[in-house]
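Novice: Make a model of the complete structure from these sequences and hints.
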Amino acid sequence: MYSTKEILETINMVSHQHLDVRTITLGVSLFDCITDDADRTAAKVYDKIMRTAGSLVAVGNAISEEIGIPIVNKRVSVTPISLITAASRGHMQVIRALDRAAKEIGIDFLGGYSALVHKAMTPYEREFIESIPEALASTEKVCSSVNVATSKAGVNMDAVRLMGSVFKRAAYLTRDRDSIACAKLVVFANAVEDNPFMAGAFLGTGEDDSVVNVGVSGPGVVKVALEEVKGDLTQVAEVIKQTAFKITRVGQLVAAEAARRLGVACGIVDLSLAPTPAVGDSVAHILEEIGLESVGACGTTAALAMLNDAVKKGGIMASSHVGGLSGAFIPVSEDAGMIAAARKGVLTIEKLEAMTAVCSVGLDMIAIPGDVSEEIVSAIIADEIAIGVVNTKTTAVRVIPVWGKKAGDTAVFGGLLGEAPVMPVNRSDPSVFIHRGGRIPAPLHSNKN
Amino acid sequence: MKAIVSVLGKDKKGIIARVSGALYDMDVNVEDLSQTILQDFFTMIMAVETGENSPKFDVIKQNLRELGDKIGVQINIQIKDIFDAMHRIDTK
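So the sequence lines, in the order shown, correspond to chains U and E. Counting in my numbering, the first sequence runs from 1 upward without gaps. Counting in my numbering, the second sequence runs from 1001 upward without gaps.
A couple of the hints might just be wrong.
In silico lysine-lysine, DSS-like type, Cα no more than 27 Å apart, as pairs [what the hints assert, rightly or not]:
#1 K313/U with K393/U
#2 K5/U with K1002/E
#3 K5/U with K1010/E
#4 K5/U with K1013/E
#5 K5/U with K1080/E
#6 K5/U with K241/U
#7 K1070/E with K1013/E
#8 K5/U with K1012/E
#9 K1010/E with K1070/E
#10 K1056/E with K241/U
#11 K1070/E with K1056/E
#12 K312/U with K393/U
#13 K344/U with K312/U
#14 K393/U with K344/U
#15 K312/U with K1010/E
#16 K406/U with K119/U
#17 K119/U with K393/U
#18 K313/U with K5/U
#19 K1061/E with K1010/E
#20 K1061/E with K1080/E
#21 K241/U with K313/U
#22 K119/U with K1010/E
#23 K1010/E with K1080/E
#24 K1070/E with K1080/E
#25 K313/U with K1080/E
In case anyone wonders, no lab produced these hints; they're calculated from the structure.
Specialist: Given below as structure tokens:
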């Protein structure tokens, strides 16, 4: 029998501290849908999603009822579409089929309108990437990602340059909705193949036919646990570890049960602290609980490094297989503490960039002025990608150049995507660097200093 | 199916009787029970197992929720596995 304290701890985590499982993401391989005809490929893709993921929402809701813990999102990730449509050139037909299937099965998002071009782009991959703005502006549920670098291949700067214009075009096409298409688009270095989180989820080429990956959450739980800690940072790290263990165990239980009921493989648990805009569900507030006046203050990078490491150490024993992005997320628009600090001007893009060197995953959900040039957007991407490549970790950029808005304005995306203060950007011109193109060679992996 | 029923709220007469009665009506067996009252705040934890003639889990949950609304306490039921997962290293 459990003690009353244990039972109440679990109940309070849900009712007062926003404990939830952020997402069950069902990865679906689309390799068996490849044909040389665009419409036939789209039809096969639609059928496969309906057949494989048709019961995902019902299964997720049933598990949530039984364990008494909300499962916020039910999502699908698919094989990068650029690989599925290279023969038929049917990417626009396929994205419409994906969006229709996603709406019919009632999932929140579907990820995988993606291309992996970390070393070079084929002519078709360039055409595919150029289609992303129209694809995202004309659909609701589908998310897109492009891997432009790896630690082994270096940085494909031609792709980085192209992505600057893709973000700007996507922003323009959804200018009546605060450029929301950019919130469904992410650029990666060292993209992972089993990520359950959006916008960057896709199912890699080395994966099963269908597989469940789960992302956990719980910044509020960690924050409340730390309110009791009066000791030094060793004790702080211990409490974070213990809390992360409990949170991750919930994710592992859900992953195993969802895989069993769906009759698919159980993939990974992503050891994540994913915030939402709700009060009491903020990663920034954890850092402030540790002792910073505001996130963004000097000391933020150190505190975040400790938090991120302790989350992983606590979570790793709690799950059979760890994967995805695994770490604390710092999306500005989705975190009440980050929003407040950005509004005050304490949290800057430069500080956020430093923070991403020690946590998951990158410059995320950052609104910037709409008149920032595409070269500057490319340069922001290049800087962030370089951090991932040199440190052999995943980094990402999801910036929103909000059409018609300037620094200090607010962009509103709604729901889990939240709202973001438009942050000022360094306007010094990097155009010559960006237009050189080519590839930044892979870094040395020894003599680390 | 093994589950944990938790009852939280202001103490009053007949809570145990009414909750046990509802469980009995749904063919749910009470295997263990503990209760505490702290400053008028009533907390009861019951370890239960559903029977062959029990309704589906979501129906049991809904019935208990409605009973809770009627007597002014919060009644919840969660499968035992979630507490194993969070509070026991060895979950088998």
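Novice: Can you confirm whether the C-alpha distance between K5/U and K1013/E stays at or below 27 Å?
Specialist: With Cα atoms ~24 Å apart, K5/U and K1013/E stay inside 27 Å; holds.
Novice: Given the hint that K313/U pairs with K393/U, test it: the Cα-Cα distance must not exceed 27 Å.
Specialist: This hinted pair holds, its Cα atoms lying about 17 Å apart.
Novice: Holds or violated: K5/U and K241/U, Cα atoms, limit 27 Å.
Specialist: holds, 19 Å
Novice: Next pair to validate is K313/U with K5/U; report whether the Cα-Cα distance is within 27 Å.
Specialist: holds, 25 Å
Novice: Take the C-alpha atoms of K344/U and K312/U, compute the straight-line distance between them, and say whether it is at most 27 Å.
Specialist: violated, 31 Å
Novice: Hint check: K119/U vs K1010/E, CA-CA at most 27 Å. Holds or violated?
Specialist: Measuring from Cα to Cα gives roughly 65 Å; hence the hint is violated.
Novice: Given the hint that K5/U pairs with K1012/E, does the C-alpha gap stay at or below 27 Å?
Specialist: Holds, at roughly 22 Å.
Novice: Within a Cα-Cα threshold of 27 Å, do K1061/E and K1080/E meet the stated pairing?
Specialist: holds, 14 Å
Novice: Regarding the pair K312/U and K393/U, is the alpha-carbon distance no greater than 27 Å?
Specialist: Holds. K312/U to K393/U sits at ~14 Å (cutoff 27 Å).
Novice: Take a quick look at whether K406/U and K119/U sit within 27 Å of each other, Cα to Cα.
Specialist: violated, 35 Å
Novice: Taking 27 Å as the top limit, are the C-alpha atoms of K1070/E and K1013/E close enough?
Specialist: holds, 13 Å
Novice: Decide if the proposed pair is consistent with the structure: K1056/E and K241/U, CA atoms, cutoff 27 Å inclusive.
Specialist: violated, 37 Å
Hint check: violations occur at hints 10, 13, 14, 15, 16 and 22; the rest are consistent with the structure.
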